[in-house]
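Given the sequences, and given the hints that come with them, work out the whole structure.
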Amino acid sequence: MSAHHAKPAPVGGPLLNAVTLTAGILIAIMAAIMVVRLFYGLGSVTNLNDGYPWGIWIVVDVMIGSAFACGGFSVAMLVYIFNKGEYHPLVRPALLASLFGYTLAGVAVIVDLGRWWNVWNMYWPWSANPNSVMFEVAICITLYIIVMWIEFAPTFFEKFGMDAAKRKLSKIMFIIIALGTLLPMMHQSSLGTLWVVLGSQVHPLWQTPIVPLLFLLTAIIIGYAVVLFESCVASSAYRRSIEMSLLTPMAKVMLGLVAVYIAVRFGDLIWRGALGLAFGMTLEALMFWFEMACFFAPFLLIGSITQRRNPARLFLAGIAIMLGGSLLRLNGFLIGYDTGGGYQYFPSLTEVLVTVGMFAIEVLGYIIITRRFPVLPREEAHA
Amino acid sequence: MTTRRDFLKRAMTGAASATIVGVGGTASSVALARETYKVPPGGLGLLYDATLCVGCKACVAACKEANDNPPEFNTVDHLWDTPLDTSGYSFNIIKMYRNGTMETKDAETNGYAFMKTSCLHCADPSCVSACPVSAMVKNPVTGIVEYNPDKCIGCRYCVAACPFGIPKYQYNDPLGRIGKCELCNHRHNDGHYSACAEVCPTGATLFGKTSDLLAEAKRRLALKPGEITTYPRGRLGDAAAPNVNWRVEPDQSYEGVVGNYQQHVYGEKEYGGTQVLKLSGVPFEKVGMPKLPPYSSAATSETIQHTLYGGLIMPVAVLGALAWVAKRNVKPDEGDQS
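Quick mapping for you: the protein sequence lines, in order, are chains L and V. Numbers given in this note's numbering equal positions in the first sequence, counted from 1, plus 2. Numbers given in this note's numbering equal positions in the second sequence, counted from 1, plus 1186.
Because the hints were derived from the structure by calculation, they are not lab data. Beta carbons: idealized from backbone N, C-alpha and C, even for Gly. Hints are supplied without guarantee of correctness; some may be wrong.
[As the list claims (entries may be wrong)] Think about it this way: if two alpha-carbon atoms lie no more than 30 Å apart in a straight line, the pair counts; the simulated DSS-like pairs of lysine-lysine are:
id	chain 1	residue 1	chain 2	residue 2
1	V	Lys1281	V	Lys1477
2	V	Lys1513	V	Lys1291
3	L	Lys173	L	Lys161
4	V	Lys1477	V	Lys1224
5	V	Lys1513	L	Lys161
6	L	Lys86	L	Lys168
7	V	Lys1243	V	Lys1513
8	V	Lys1513	L	Lys254
9	V	Lys1513	L	Lys86
10	L	Lys170	V	Lys1513
11	L	Lys173	V	Lys1513
12	V	Lys1281	V	Lys1224
13	V	Lys1243	V	Lys1472
14	V	Lys1291	V	Lys1477
15	V	Lys1513	L	Lys9
16	V	Lys1513	V	Lys1404
17	L	Lys254	L	Lys9
18	V	Lys1455	V	Lys1281
19	L	Lys254	L	Lys86
20	V	Lys1404	V	Lys1243
21	V	Lys1513	L	Lys168
[Claimed, not checked] Across the chosen pairs, the derived CB separations fall in these ranges:
id	chain 1	residue 1	chain 2	residue 2	range
22	V	Glu1471	L	Leu277	19 to 27 Å
23	V	Asn1431	L	Gly342	33 to 41 Å
24	L	Phe41	V	Thr1295	46 to 54 Å
Now the structure itself:
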């Protein structure tokens, strides 16, 4: 571990600007739609139907949103489990994004629940169904949100000068970190297992008993991709220098995992004899290749070390992976899902606006916290 | 340093291979796999014989009344209950198959046929496995798949999971519930059985014990088309249910002509068996009954879950390994590990 990292410090600056104002307006629109949903039911604002009982609020806000929130887990694993201390300055910003991503995924689930006032049954032992994949996901995500707030607590302790609390927490931090690594491994894989019980309604290009492994690998990979993406965005938005000395080697770690993922993905398709379906003239086949192209793209973008030293290329590779991981989830749950009976689904404008509002909360929260709390590494040049 | 790294490598490959073994195990269905459940011995169900159905939809109306469901309108005049599919308010409908000139009943070409759409009460239901809060449960004695709205959180995982598209949600109600057939179990204490079978004028829908219904279905398949045979109506045999005395009915059986059956009892093997069985003159796939394997998706899903999380053994072991490694890599005095 290198001894001298730049300590995290608040970025400072105004909280009211064009970005935060836009985010605020989007959040207000979302709140209005939610009121309508509350009084008139899910059908009043969504295009959900019995052929597609899950829409973008579940697949995008929860499945994809929580995968985008894997940066904290992926980087913490690299730092604390694989003992790569040099990546330490990336932990806090990544964790902050994770915190928001997961907390909002939890909120999004409640909004989507048709009978939300009964949600306590999820934590009521006499209602529990340990056979249910969703039960495992729900319990695990709830625990993880709590664990992440504890993991992030030192930031608040520093801001408010609570040294004693910070010291006490640091003694048991290794357990929190271990939990913070285990829990996402559990529920990110289970988010994929969710579609196993859907059986043959999910297209064979996606329906596989190894889907938990596919979801776990992509969640970790997306975690690194999101860090690449966020570091570039934060640097340009705050006019800070990019942590290239960290991002370049981390991109290589990511690339290695992508290679493993592609091998597992195709190995499974060949083993199950489903690869032939990828060569038909179907929407599913087209979407499959679109999804896979996103995983191949990083090898062209950042395959060589010179390319990995280019922030623009890292940024694009990050986006490609985020898109590929999103498509895996979207394809399995919506595009490759067919319950028969000719049902159609395309999200309504109000549905899209709620999803946009959720992401707006994330952006707004990230800006407020990084400007006022010690999250990003102190910028030495301007210090 | 070397030992730690070795340990780590072993811990990681151990966890990874356990995952792969567990997951791979389900595909090759080795000893680890949870078997598909069978229909309980006292399981209750229906036998629907499409060759006897005349499409009168008395069962659709009776179902609405018995379950206190409102009419659904799909015509301009809004005069008649006209559900196009089962919904949160329509638990049973009769669908029609049409081909070419529609001359002959139960013929695949230039014919027409009917098919009942309602819950099949699977031996190993996906909806029950999916439900996180035990709001959808299978009665251990009658095998009826029952719904409890007081537990239901409205996540609609059951809607997504069912291969027959049966549980449906009431999207336009802020207090919407899941709606599905429960074989009129709320009427059993009064001696009444499923309303659809009670009112069926031709015995196309029969109520009874699944084992009796299966025997009756096989009896019909063994007959020659065109022969005369006796068809029961209403309730078949003594379908015993705990604390239930079925009301006494006169013998309603009648003599009729044997139809031209597909040699297939739908529901005998599908997904490990269903308690509602069907006979048809037209291939089942043409009348909306999906081709399904003889094992349930619930068994596959639960095998994966219990291999990974059974007794929490694997999570606790991995947590221990992670905590052990993290303890060495986190420096408490460093004080800025977020």
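Now for the hints, and whether the structure bears them out:
no.: 1; hint: V:Lys1281 x V:Lys1477; in the structure: 18 Å, holds
no.: 2; hint: V:Lys1513 x V:Lys1291; in the structure: 75 Å, violated
no.: 3; hint: L:Lys173 x L:Lys161; in the structure: 19 Å, holds
no.: 4; hint: V:Lys1477 x V:Lys1224; in the structure: 19 Å, holds
no.: 5; hint: V:Lys1513 x L:Lys161; in the structure: 26 Å, holds
no.: 6; hint: L:Lys86 x L:Lys168; in the structure: 23 Å, holds
no.: 7; hint: V:Lys1243 x V:Lys1513; in the structure: 69 Å, violated
no.: 8; hint: V:Lys1513 x L:Lys254; in the structure: 26 Å, holds
no.: 9; hint: V:Lys1513 x L:Lys86; in the structure: 14 Å, holds
no.: 10; hint: L:Lys170 x V:Lys1513; in the structure: 15 Å, holds
no.: 11; hint: L:Lys173 x V:Lys1513; in the structure: 9 Å, holds
no.: 12; hint: V:Lys1281 x V:Lys1224; in the structure: 28 Å, holds
no.: 13; hint: V:Lys1243 x V:Lys1472; in the structure: 20 Å, holds
no.: 14; hint: V:Lys1291 x V:Lys1477; in the structure: 23 Å, holds
no.: 15; hint: V:Lys1513 x L:Lys9; in the structure: 22 Å, holds
no.: 16; hint: V:Lys1513 x V:Lys1404; in the structure: 66 Å, violated
no.: 17; hint: L:Lys254 x L:Lys9; in the structure: 25 Å, holds
no.: 18; hint: V:Lys1455 x V:Lys1281; in the structure: 23 Å, holds
no.: 19; hint: L:Lys254 x L:Lys86; in the structure: 14 Å, holds
no.: 20; hint: V:Lys1404 x V:Lys1243; in the structure: 26 Å, holds
no.: 21; hint: V:Lys1513 x L:Lys168; in the structure: 17 Å, holds
no.: 22; hint: V:Glu1471 x L:Leu277: 19 to 27 Å; in the structure: 25 Å, holds
no.: 23; hint: V:Asn1431 x L:Gly342: 33 to 41 Å; in the structure: 40 Å, holds
no.: 24; hint: L:Phe41 x V:Thr1295: 46 to 54 Å; in the structure: 52 Å, holds
The earlier numbered hints that this structure contradicts are 2, 7, 16.
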